[in-house]
Amino acid sequence: MELSPSQTDALTELINIGYARAAGALSELTGHRIELEVPKVAMHPIKSVSRILSEVVRGEVASVNQVFSGPIAGNALLMLDQDAAALLNGLITNGPTGTIGLDAGAREVVTEVGNIVLNACLGVFGNLLEVQVSFSVPRLHVESVDRVLSSITVGKEELKYALMIHTRFHLRASNVSGYLIIILGVTSLERLLEELLKWEKRQLEN
Amino acid sequence: MTQHSGLSLEQVLGRSVLELFQEVGSARLEERFRGALLGEASVLSSALHRYLFPFASTVPTSTFKHMRQTAWIGPLVMNGKICGTITTIQDVTEREFQSAQARQQQHREQLLSWAAEHLLRASEPESFLHELFRKTGEHLEVELFFNFLVEPGAEQMRLHSSGGLTAAQEKEIAFLDVGQALYGRSAQERKPVVVQNLQECNDPGANLLKQLGARCYVAQPLIVGDQLVGTLSFASIRRNQFSQQEIDFLAKIAQYVAVAVDRTRKEKALMNARLQLEEHASNLEKKVEERTAKLTETVSDLEGFCYTISHDLRAPIRHIGSYVQALREEASADLAASAMDFLNRIEGSARRMDILTRDLLRYSKISREQIRMEPVDLRSLVQDIIDHTPALRAPGTVSLPKDLQTVLAHRTLLQQCLSNLLENAIKFVPAGVQPRIVIRTEIRSAAGLVSAESDTSLIFNRSGHMPPALAEDHSWHHQNGDPAKRPHLPSVRIWIEDNGIGIKPEFAMKIFGIFERACDPCTFEGTGIGLAIVAKGMQRMGGSSGVESELGKGSRFWLDLPLP
Chain A
1 MELSPSQTDA LTELINIGYA RAAGALSELT GHRIELEVPK VAMHPIKSVS
51 RILSEVVRGE VASVNQVFSG PIAGNALLML DQDAAALLNG LITNGPTGTI
101 GLDAGAREVV TEVGNIVLNA CLGVFGNLLE VQVSFSVPRL HVESVDRVLS
151 SITVGKEELK YALMIHTRFH LRASNVSGYL IIILGVTSLE RLLEELLKWE
201 KRQLEN
Chain B
207 MTQHSGLSLE QVLGRSVLEL FQEVGSARLE ERFRGALLGE ASVLSSALHR
257 YLFPFASTVP TSTFKHMRQT AWIGPLVMNG KICGTITTIQ DVTEREFQSA
307 QARQQQHREQ LLSWAAEHLL RASEPESFLH ELFRKTGEHL EVELFFNFLV
357 EPGAEQMRLH SSGGLTAAQE KEIAFLDVGQ ALYGRSAQER KPVVVQNLQE
407 CNDPGANLLK QLGARCYVAQ PLIVGDQLVG TLSFASIRRN QFSQQEIDFL
457 AKIAQYVAVA VDRTRKEKAL MNARLQLEEH ASNLEKKVEE RTAKLTETVS
507 DLEGFCYTIS HDLRAPIRHI GSYVQALREE ASADLAASAM DFLNRIEGSA
557 RRMDILTRDL LRYSKISREQ IRMEPVDLRS LVQDIIDHTP ALRAPGTVSL
607 PKDLQTVLAH RTLLQQCLSN LLENAIKFVP AGVQPRIVIR TEIRSAAGLV
657 SAESDTSLIF NRSGHMPPAL AEDHSWHHQN GDPAKRPHLP SVRIWIEDNG
707 IGIKPEFAMK IFGIFERACD PCTFEGTGIG LAIVAKGMQR MGGSSGVESE
757 LGKGSRFWLD LPLP
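Residue numbers (our numbering), protein chains in the order written: chain A, 1 to 206; chain B, 207 to 770.
These are calculated hints, taken from the structure and not from any lab test.
Don't be surprised by glycine CBs; every beta carbon is placed ideally from N, CA and C.
Fair warning: there could be bad hints in the mix.
Each pair of labels, with its calculated beta carbon distance range [said to hold, decoys possible]: (1) 137/A x 226/B: 19 to 25 Å; (2) 309/B x 186/A: 35 to 41 Å; (3) 209/B x 186/A: 37 to 43 Å; (4) 137/A x 300/B: 41 to 47 Å; (5) 262/B x 50/A: 44 to 50 Å; (6) 262/B x 203/A: 32 to 38 Å.
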């Protein structure tokens, strides 16, 4: 399964709506002007995710993981390498930005940021599909990409594909990059793509 | 909830969270609860929210007014339906307090490290100090600082630097006695002074600070070695207390400030001493110039006097000689043998006086003569001297090589010098020894001999005596003049080597002095002025002279002159 160009465009637009909400919420929360760049969306087989990520993230990663369930089910992660996570924490809290490693307070901040971004995106999907999605409490883990991916389970559905969304935060004249990864069961993915097509048509009609 | 909120169970159960804790609503945190009812889960970090519910701090020693909390808000699901929210709150006050302490400690260490690094390197200790006070005040979040300085031995303190004061307030405390008010107490006792909750303090010394609105105050004495140089103090308008860590930190800062102040003073003292020294050197130079001018004038007067006297003495001396001669010629037959003897003695003395005045005249003329340097052919000059001096004309007396170097000199002055040296060479020989003189030249660079241009094997050697220059060297040497005056230019050295009686080492320094003779007692006639003329003449031509000699084995006089 591959995303067609129009599907890619539609997903990009949808996720961008979610990002705008997330950026607004983060700006209000922190008092800093925070922007989220227009996302770059792609779909890849799960087996390729590790390889793709290893090209852009080094060493262990900080990943905020939220499981969502309901009519669509899946796993959503915001993944940043440790340096990026420490930088993001420092920029948001006006603390030092060159810290090595994440202390407990920094982990909570990164978790909250991830939570806001994930909620915004999944909320957009929920609105599109006109379904109510339930989220688990977000958790942050610092470990290798392979371990993160190996711990993902989505009910009984077969997992084949991951939506990989390259995400870039702009704040205080700095940039922090990471990946939003949404892993859906095959059925959920097919349903999502169907609804996406309908949404696209509605947009064109309007 | 009831434990920390102070509310009873009955007051809390069945009530709206937003109604009980209005702060939650005003901080727009109600959206999180509403989201949870729609299935969203939220995390609220303590770093970004501080707390969800305003409960009292659980760490009394911290500066936190409220408990620091991390909260999770999520949907409460029963039978697959969302029926409410569930909120979990973690008390992270201790953790945040420790973290804040660690950050503060790190910041203090960075500040101390910065101060240590800049303390000795700062080219302007004043601006360093001001920057240090500003950074320290920022770190401690205090509004007021005072730096007083005490001069050595003084009983007054001067306000050197301050922050947070108006000009009028600064003026009021510009000068204080040591011991006056809280500011001066630290200086007097040479100990830290700490006053917490200052507004409630009854100490009259605190009145000035109370008027400024200060609520806590700490002063540290600035001490270098055993000398008090001043005080450094900080005061807060917002806070009632300084922590012990802050007081200890200020004690370290005070040490750095004391060193910086001491360094500033020492640099100023050094600068003043340097200026005084320069002034003194300038005055000294001026005095030396004045005295040199006077001395030059005196010497010039003396030389003029010497010239006049010797010139004016010559006529009467000639008269004495003439009349003695006339008396001898006309009345010798009538004179007794003793009278003739007296006449001879008178004539001899008159002759000696004549020679003396003549030499004195020559010596004083050298000082007055205008020197004109020109290339001089040495061979023709020496030949000229030989032609006019019968004693030198005897065959084998003077060895004169064909290729003597041309020198830059004043011709008549050089002729005078060489003439004196040659006359000495034929005079000061042991009885029965044929005088033998070798003249040669060599070019000398600043580093030493470059080449010897004449061949010493041309010496006539009737007596079989080896030339002193080639003999085993037990000689000493002496030089006049300062070769360093022309350090970089090559010169020509003229050697006048004899087989005379040689010179004792103890006369080495003296023989070129006026009226000095190298024999005691002297069996050889002489005025003691000949070599003084040589030394003076060479000096006037910008050259130098000297001698190497060995008693009983002859002497080697040398004259250094510039190459043309």
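Against the structure, the hints come out as follows:
1. For the hinted restraint 19 to 25 Å between residue 137/A and residue 226/B, the CB-CB distance of approximately 24 Å keeps it satisfied.
2. In this structure the hint that residue 309/B and residue 186/A lie 35 to 41 Å apart at CB is violated, the actual value being about 49 Å.
3. Taking the beta carbon of each, residue 209/B and residue 186/A are about 49 Å apart, not inside 37 to 43 Å as hinted.
4. Checked against the hint of 41 to 47 Å, the C-beta distance between residue 137/A and residue 300/B comes to roughly 23 Å, which is inconsistent with it.
5. Separation of residue 262/B from residue 50/A is about 48 Å and conforms to the stated range, judged on CB atoms against 44 to 50 Å.
6. As the Cβ distance of residue 262/B to residue 203/A is approximately 53 Å, the hint placing it in 32 to 38 Å is violated.
Checked against the numbered hints given earlier, this structure breaks hints 2, 3, 4 and 6; the rest are met.
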